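Start from the sequences and build out the full structure, keeping to the hints where you can.
Going by UniProt numbering, 724 is the number at position 724 of the sequence shown; the sequence numbering is gapless.
Hints are computed from structural coordinates only; laboratory data are not their basis. Since we're looking at a predicted model, the values are computed, not measured. Please note that the accuracy of each hint is not assured.
[Unchecked claim] Label pairs and their calculated CB-CB ranges:
id, residue 1, residue 2, range
1, Asp-599, Val-182, 48 to 56 Å
2, His-439, Ala-534, 27 to 35 Å
3, Pro-153, Ser-390, 20 to 28 Å
4, Ala-397, Val-434, 49 to 57 Å
5, Tyr-71, Ala-397, 54 to 62 Å
6, Asp-200, Pro-176, 20 to 28 Å
7, Pro-153, Tyr-465, 52 to 60 Å
[Claimed, not checked] In the DSSO-like style, the derived pairs of lysine-lysine whose C-alpha atoms are separated by at most 30 Å in a straight line are:
id, residue 1, residue 2
8, Lys-78, Lys-318
9, Lys-301, Lys-121
10, Lys-78, Lys-294
Glycine included, C-beta positions come from ideal geometry on N, C-alpha and C.
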Amino acid sequence: MEMENPPTSASELTSLPAMSWMRFAKDLYDGRIEQICILSDLERMKSEAEELRQLHAASTTENSLKASPFYDVLREHKDVLPDEIPAELPQDKGIQHEIDLVPGTKYWVTRQWPLPRDQVKAIDDFFESRRQAGQVRESKSPHSAPTFCVKKPQGEWRIVHAYNKLNDATIPAQTPIPRKDVIIDSMAKSTIYSALDLRDGFYQILMRESDIALTAVNNPSGMLWEWLVMPQGLKNAPATFNRCVMHLLRSVRDFAPSYFDDVFVHSRAVNGKTDVEVHKEHLRKLLGLMRKHKLYANLKKCIFGASEIPILGCLVGKNGVRSDPEKFLGLATYLCKYVENYAGKIRPLSQLLKKEAEWKWTAECQQAFDAVNQGLTEAPILAMADQDRSFHIVCDASDFAIGCALMQHDHEGRDRVVYYQSRQLSATIPGPFVVYTDHASLRTAVKSPHISQRMARWLSFFAEYDFRVEYKPGRLNVVADALSRRPDYAVKTADANSIGVESVSAPSSSLIDDVKAAYASDADAKQLLSYASAPSDEARRKLTPHLRARTHCYRVHEGLLLYSAVDDDVIRIVVPNDYDLRMRIMYEYHDAPTAGHPDREKTYVLLTRDFYWNHQYKWVRKYVRACEVCQRVKPAAFSQAPLQSLPTPSECWQSISMDFVFGLPPDSKRRTGVVVFVDRFSKMVHLAAVPAEVTVVQTPRLFVDMVFKHHGMPLDIVSDRDPRFTARF
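Right, dumping it as structure tokens:
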């Protein structure tokens, strides 16, 4: 808008009809505002701007540097700070710009559009100077991109190439960008600073020979040129330039970190030298590297030996880090870092952006705006993180926001803030939610009236949240199930080969002694012990064929024969062929109080973790199946009908009951079980000794021999669900 008498204060400006708070809030909500400028006191801005101008003007010309203690260093390296860069093809710096295209990409052509006469002349002069420097050459490439001009702040023309189609077909580079916070943190304890701006850095990097044709550009005069150096406008050009600078200046990055074309030098007094002397050495090393690799700096944009320098929107100095008062645009991104309790201060303004909120600017909103404005222009100085000192965090929360500050004690013991962080609590945080889990008992646990003290403590914590539990079977809960089984979260186990038998800790010492003693009565174990103790071809020939094929799986350690499968790193103790010893080991891993009667699979896993013998799984299956405690106590895996009384039979041997009893002392034939047939009317009993591994085929034969031959076929038979009964009896 045009005004005869423009406003002279912030209050007059904001009172204009076009600057109403209602309109501002609505435009902000609708996304029609691209930039926000925070107004501050004019006198304060003038004073701070003048301070910055003095800072930037401290080292703008060579004459102004003559009084500087660093003048002699800069004079030695005057060729690194030239008024004009030498017009020549740069040397190979070890990194060339490469253009990797998406497979299947064809050539592209974009026609050159007409330009004004002054721009045409600027483009022709530009390419002529680059041709004389050997940086471009005439091209016959099938590709072409147009050229145009953009006005620089100083009034000159910047030549730009429209590589849109080439960039769309280029595979993006994944070169990491330097982090601002890492650069600033590396300057902790420094007291003197310099900043260098690299000049025409893109034109100092060669193109890969095979990619030169891809850079072809045309100009309004009808010429087609191709670049021998990296031009501006390519997709991965900034990443290549940053990678080149970091590669060339790697040896000085401890005191001269770089961010694209900016290099920041920081120093402090060490080893009896003053900070100025150390800074001279650092500058001499940096400028020497730049001379070696032919990197050039713009003297007018450099700062040398300052107590504070601008770094990426901040002012970094010996007193800490503060916001740059000249950098209003984009500073809101860093408000949470520089302003204490930013989320709490901005909350009244955030409420206006909610749906169905009334657009009413209140005194509270005005106070919030003023507080944020003041917090931006008067942000406290943050301390640079000192990695040699411990950090501590202070935090707090209110009903609508949470906040914290990362702090350190300085050399005088004072608390210094390193970083502020705060955020508003979303309206969804205190709201109700649903927990889907495969833990079925949680559905009733939160509502059960009979709970233990531990459950009461847990539920008192959950009572603060409004939620309900929904059961989701594990086979359907695939997302959470997959995340909870990430292999990189698994607990790492030590390699048993590197620690020997010490990794076997479960068996008792007496049990291991019995294993050693039993080797003497096992022919195979004695042969393996003899061979593993002193391997030789003669000892190997004495082994039986089935042992000879697996000699690489055995070794001896302190009198124990150890076994390790080819595809398994677990080392296990070999148990000799001793029935009583194996049954004792089975008891330790299944029946003992520390074992807890696990099922077949768990028993097998526990046993094979420490011991090995042939047909181990078969032993475990028979032992667990014959365990009387498991059969009596373990619950069924499915629902059972309630027990009912059986009707009393009217005659003998009309109805019988049958069952097996195992775990008895073995007889002379090593039978440890008994099959029992009972007449339910007369209580007459028939018994027969059976081995623990009695089969489905043997069970009906026992019935025929013990019952059918003497009493005929009964009308009904009562038994449990033993597979030997439920099969085709």
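Sort out which numbered hints this structure fails and list those numbers smallest first. Of the numbered hints, 2, 3, 4 do not hold.
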